[in-house]
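Asks: From first to last, the protein sequence lines stand for chains A and B. Under our numbering, the first residue of the first sequence carries the number 1, and numbering increases by one thereafter. Under our numbering, the first residue of the second sequence carries the number 347, and numbering increases by one thereafter.
Treat the hints with care, since some could be wrong.
To spell it out: a stretch of chain A is covered by chain B in this simulated footprint if at least three of its residues, at any positions, have a beta carbon under 8 Å from a beta carbon of chain B; those stretches are [stated by the list, open to error]:
#: 1; segment: 31–43
#: 2; segment: 64–70
#: 3; segment: 134–144
#: 4; segment: 248–255
For the record, the hints were derived by calculation from the structure and aren't laboratory data. These figures come from a predicted structure and were not determined experimentally. All C-beta atoms, glycine included, are put in the ideal place defined by N, C-alpha and C.
Spelled out from the first residue to the last, the chains are:
There are 2 protein chains.
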Amino acid sequence: MLSIFPNATQEQLPYDIEVLQARMSEILLTGIPELDQIITYLLAEPGKMLRPRLVYLAASLYPSDHDIVQDAAVAIELIHLASLVHDDVIDGSALRRGRDSLNSLWGSKASVLVGDYLFATAFRLINQHNIPAILETVTRTIQTMCSGEIQQLSSTFNLNLSLSDYLQRIYCKTACLFECCCRVGALASSMPSQQRDSLEKYGASLGIAYQIIDDVLDFLSTTKYLGKPAGSDLLEGNITLPVIYGLQDENCQKDLKEILNQPVNLAGQLDRVTQILQRCGAFEKSIQLADAYLADARASLKSLPEAGRRSLCSLSQALSSDYLQRMTSLSVLDGFAYQFYEPEPV
Amino acid sequence: MLSIFPNATQEQLPYDIEVLQARMSEILLTGIPELDQIITYLLAEPGKMLRPRLVYLAASLYPSDHDIVQDAAVAIELIHLASLVHDDVIDGSALRRGRDSLNSLWGSKASVLVGDYLFATAFRLINQHNIPAILETVTRTIQTMCSGEIQQLSSTFNLNLSLSDYLQRIYCKTACLFECCCRVGALASSMPSQQRDSLEKYGASLGIAYQIIDDVLDFLSTTKYLGKPAGSDLLEGNITLPVIYGLQDENCQKDLKEILNQPVNLAGQLDRVTQILQRCGAFEKSIQLADAYLADARASLKSLPEAGRRSLCSLSQALSSDYLQRMTSLSVLDGFAYQFYEPEPV
């Protein structure tokens with residue numbers, strides 16, 4: 001399974017992953033064998049747990065109630081899981097986190113229902129702590145995620161997708177949930193509202209960077225690292241940043257359009273697309289933009305208390321450096337000499 | 347479109363249907379054309395609005411805040427809509443409420459997302475009024491609905507389904523949401539908790555009766571009245587009450603098992619199944635059980651204030667008498683002479 005943070009060991013995490021896992025089992029398992037079997041499978045591969053980590057970090061800057069933070073982190077992970085389960089139904093994906101997807105094992109019927117069950121359980125858990133502002137944030141975020149994805153459905157293979165359309169789309173797909181994690185963590189603590197706004201900006205920028213990197217990796221990585229087949233985005237008609245840059249490049253756009261205008265033959269041409277994008281520097285440009293967003297994320301932290309700021313800053317640095325390491329280990333970018341911005345002193 | 351309450355005119359309803367429709371549009375429309383187009387289609391055929399009606403009736407027995415009741419009713423209707431949209435994806439149904447289903451017009455991807463959007467919007471709306479007990483009730487109910495439906499998936503064409511399995515299943519499928527409507531209406535008012543329990547029992551019994559009638563109509567009605575093809579339940583392997591009674595009957599079980607053990611040929615044999623069930627009185631027995639639940643529902647109302655009790659009682663009477671009328675008009679039960687229980691004086 002892909003980990004963008006291969007160096008993040010348990011010691012560095014702001015929570016005990018096993019405690020979170022246990023809490024998830026506790027609230028999800030029902031005693032109904034048909035459902036419990038699916039839930040147990042789902043929880044057996046915890047993934048990166050990046051969103052709970054953000055909630056914890058965001059809550060750590062000011063005093064907070066441990067139980068509220070834990071349940072908020074769990075609830076957001078459940079919402080993330082629900083959206084992955086439904087995404088796999090939507091995309092007909094057979095693999096998730098390097099294993100068979102729920103829909104390939106139990107069919108799309110059960111998967112739709114399990115997703116709904118996860119959503120309801122997440123809302124119920126948040127509601128138990130009676131902080132309406134947290135539930136408001138989370139429900140509004142899901143509305144944004146769904147409406148963004150519905151919008152995207154009608155723009156498959158849209159070769160005229162602009163950079164700003166793309167950024168708006170990945171905000172809805174990924175960044176708004178990162179932003180939500182930060183806001184929820186802040187709301188679970190006594191952080192003043194002005195600082196909360198800064199922290200939300202951090203989350204949104206981090207999320208944009210994260211999704212850009214994910215979109216680059218979708219071309220450059222392998223099934224083994226991705227946990228799903230490489231190139232799936234493009235095969236589904238999802239035009240991502242490297243392709244947008246490729247289509248902007250005068251030397252590449254003709255070759256690229258020729259291939260992309262015939263989606264039916266695309267599967268056999270994926271390597272060729274990657275070569276074209278490499279030739280015109282589309283991956284480097286994408287990484288530069290991701291890095292600019294990471295710098296933005298760090299800049300948003302300036303007004304926050306120093307202790308927590310440092311952990312949040314490290315998270316954004318880890319995203320850069322671990323990614324670079326991954327790229328190097330894959331050896332896909334021969335002669336790739338781009339230097340990430342040095343993080344500003346915090 | 348089927349209305350089990352053909353005589354229920356706007357004047358008799360405890361709310362203005364157009365006001366509820368307007369409120370739904372207000373909270374669902376986003377300005378995103380791709381989503382708004384689907385929402386507008388969805389809202390154009392409001393259905394029976396039975397669940398909002400129950401919320402209003404339940405809230406009418408004691409003083410309540412009009413805005414809270416309205417939004418609770420709207421939220422529950424949205425949850426009902428979300429579950430219908432997801433059900434149609436799950437069952438691959440092409441028709442809903444006599445029109446093309448969302449999935450047949452916009453595909454299952456958009457339908458899954460629209461369902462999620464409806465759920466999130468419903469929770470957000472309830473949360474705005476800050477009554478955690480209402481949100482607790484609603485989220486717990488959705489958990490029950492989903493887990494029940496997941497359980498059902500593994501029992502298709504299970505000819506050993508017992509009566510109590512069936513009742514448990516239709517509780518999860520339908521009755522728990524009726525029960526939830528009653529509890530939510532009660533929570534939105536100042537009703538004492540003991541009376542709230544009675545009202546919930548009324549809702550659960552009414553819901554069981556409603557689903558039994560729906561299951562009988564699935565055999566005896568027509569596409570025109572049902573808004574979907576007759577016999578769909580059995581074709582999907584969903585064993586309902588008439589079939590359970592048929593399988594219990596010594597004279598019918600052999601013929602019935604012969605057909606049901608070969609589901610692949612079932613579509614051409616639906617009329618024959620209906621004839622067999624008619625022969626052994628399975629429909630009459632089903633209706634008798636529905637009627638017993640309606641009597642139970644009315645009995646649960648005894649401790650409630652008289653004014654509101656009358657409307658709730660009328661609702662259960664309407665369910666009996668309008669159903670009988672529908673059966674007669676369909677002329678499917680020649681010589682069907684079953685008399686519904688006369689409602690006890692309220």
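Asks: Give a verdict on every hint.
Replies: How the hints compare with the structure:
no.	hint	verdict
1	31–43	holds (count 4)
2	64–70	violated (count 0)
3	134–144	holds (count 6)
4	248–255	violated (count 0)
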